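J.: Sequence:
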Amino acid sequence: MNKLHTEERKIFVTLFEAIIFGIVQGITEFLPISSTAHIVITQLIFGYTFPGLSFEIFLHLASVLAVMIYFWRDLLNVITGFFKYIAKRNREDRTQFFFGIYILIATAITGVLGKLLTDVTADSIKTPPFIAGALVVTGLSLIFIERFHRVGNKTEDTMTFWDSIIVGLGQTLAVIPGISRSGATLVVALLAGLNRDTAVRYSFLLAIPVILGSTVLALDDFSMTMVDYIGPFNLFISFIVTFVFSLIGIIWLINFLKQSKLIYFAIYCFILAILVYTFIDPSTVMDVG
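Here the sequence shown stands for residues 1 to 289, numbered as in full-length UniProt numbering.
These are computed hints drawn from the structure, not numbers from a lab. Treat each hint with caution, since some may be false.
Derived Cβ-Cβ restraints for the label pairs, each shown as a range [unchecked claim]: (1) PHE83 / PHE46: 43 to 53 Å; (2) PHE236 / ARG150: 26 to 36 Å; (3) PHE161 / LYS258: 48 to 58 Å.
Derived BS3-like pairs (lysine-lysine); straight-line CA-CA distance at most 30 Å [claimed, not checked]: (4) LYS154 / LYS88; (5) LYS88 / LYS258; (6) LYS154 / LYS258; (7) LYS84 / LYS154.
A quick note: this is a predicted structure, and the numbers were derived from the prediction, not measured. The beta carbon of each residue, even a glycine, is placed where N, CA and C say it ideally should be.
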């Protein structure tokens with residue numbers, strides 16, 4: 001009887017953890033508060049980690065599906081305009097063609113430099129003190145761009161190759177837990193002179209190739225062990241939860257940006273940094289893949 005109760009509890013906890021990870025991944029992926037930091041922190045709090053990177057890859061696919069559905073019109077316009085300009089060289093397609101090029105440039109920079117940075121820093125960047133420090137940097141960046149930087153007026157029509165290079169370099173820093181990808185791209189894009197609407201659109205569309213690219217590179221880590229360990233039903237639920245909360249995160253961020261309230265995300269980063277530094281024991285750090 002005790003054995004049965006223990007096994008039932010194990011199944012329940014696994015489902016519960018799958019749901020929690022789905023909520024954390026979904027709501028933080030597109031908010032400027034670092035989803036990577038939250039995933040690592042959640043694992044440290046649970047004192048638990050899923051085998052390899054399979055589960056994280058699975059959740060990221062749900063997030064990228066959410067952004068593709070939300071921005072499907074923008075994505076379709078960029079893709080069709082890109083190939084139509086190659087085929088016909090119509091002037092009306094030129095903007096979307098170069099916007100697609102700018103997305104590819106930033107993605108390539110992030111892919112190459114991000115891999116190098118990850119290889120060099122390895123697990124040293126996953127410690128609670130380092131994550132806390134990176135969260136403070138994210139918060140300070142959000143405050144600076146909100147309070148002290150004058151928003152530019154560049155649009156897709158007036159963007160340059162240099163702008164995409166700058167954003168790609170900024171996005172590379174997001175491999176550090178605590179540095180938000182969406183926050184880094186928004187801050188750097190605004191610093192480069194893009195207006196808010198273009199910066200937001202560029203940031204979200206950049207997430208698609210970056211997440212898909214990192215998923216493809218990590219496919220060799222995917223195994224049936226993850227399915228056996230968590231269970232098909234739990235995986236399905238975590239995917240749906242991640243997808244739903246990713247949509248919520250996207251809508252939430254866009255609404256906050258319209259009201260110029262990045263300062264609230266900065267305050268959250270500061271509070272979280274204090275909690276991480278104060279209450280999470282560095283000795284509990286484990287390999288999260």
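J.: Now look at each hint and say whether the structure bears it out.
T.: Evaluation of the provided hints:
Checked against the given bound of 43 to 53 Å, the beta carbons of PHE83 and PHE46, roughly 46 Å apart, stay inside it. Evaluation of the 26 to 36 Å hint for PHE236 and ARG150 yields a failure: the beta carbon distance comes to about 47 Å. At roughly 29 Å, the beta-carbon separation of PHE161 and LYS258 lies outside the given 48 to 58 Å, and the hint is violated. Only pairs whose Cα atoms come within 30 Å are accepted, and LYS154 paired with LYS88 is accepted, the gap being roughly 26 Å.
Restraint check: the Cα-Cα separation between LYS88 and LYS258 comes to about 37 Å, which exceeds 30 Å; the hinted pair is violated. Of the supplied pair hints, the one linking LYS154 and LYS258 holds, its CA atoms being roughly 17 Å apart against a limit of 30 Å. This hinted pair checks out: LYS84 and LYS154 have alpha carbons roughly 24 Å apart, not beyond 30 Å.
Checked against the numbered hints above, the structure violates hints 2, 3 and 5; every other hint is satisfied.
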